[in-house]
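Asker: Sequence:
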Amino acid sequence: MDSVAFFSLLLLSAAAAPPALGFTRADFPRDFVFGAATSAYQYEGAVAEDGRNPSIWDTFTHAGKMADKSVGDVAADGYHKYKDDVKLMVDMNLEAYRFSISWSRLIPDGRGAVNPKGLEYYNNLIDALVQHGIQVHIMIYQLEYPQILEDEYGGWLSPRIVGRFHSIRRCLLQGVWRQGLLLDYDR
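Taking mature numbering (1 follows the signal peptide of the UniProt record, and there is no 0), I'd label the letters of the sequence shown as residues -22 to -1, 1 to 165.
Hints should not be assumed to be uniformly reliable.
Stated by the list, open to error - Heads up, simulated DSSO-like pairs for lysine-lysine below, C-alpha to C-alpha not over 30 Å straight-line:
1) Lys65 <-> Lys43
2) Lys95 <-> Lys59
3) Lys47 <-> Lys61
4) Lys59 <-> Lys47
5) Lys59 <-> Lys43
6) Lys65 <-> Lys95
Claimed, not checked - Computed Cβ-Cβ distance ranges for the label pairs, DEER-style:
7) Asp87 <-> Met117: 17 to 27 Å
8) Glu130 <-> Phe6: 46 to 56 Å
9) Arg148 <-> Phe1: 37 to 47 Å
Since the hints were derived computationally from the structure, they do not count as laboratory data.
Note that the Cβ used here is the ideal one computed from N, Cα and C, for glycine as well.
Please build the complete structure, drawing on both the sequences and the hints.
Answerer: Below you can see the structure in the form of structure tokens.
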């Protein structure tokens, strides 16, 4: 498409656009919660830092399988910039934040010891959110787990991985939740 046709279509679509939505907080039920959400692989970056091991997504993207050849090595760099992002949430008056845990960061080999740096990152993120009155919602699994579990078990096709999944769940319930937070579905 040539640039004249593109800009003509762009102007036409702008002229045909509906007016601003014009809704306010008062237009929502009192118990409606405004929030934001991220997934670990797309947000954190820092894939080779502080003890994190490769995940299935690292392997997939580094094999060039994304249409745009992108990888999550840096992503949105939330591992380093989470404090700035929490500040943005406060500035936007968000009430909740849902994020996923990188299994490859918290339990890098999928079944062994907890990575202290990974636990520290998630605890620091939770502390910052709680300090600013933002509800914490954690997704234990968002399509990311250590590549070693894929290599050894064949991923979710093997029942052996279920035990590994329970180990990360236990870790979260015992370690990350020092502020008394609980997973809603574990009550």
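Asker: For this structure, which hints from the list above don't hold up?
Answerer: Hint check: 1 fails alone, others pass.
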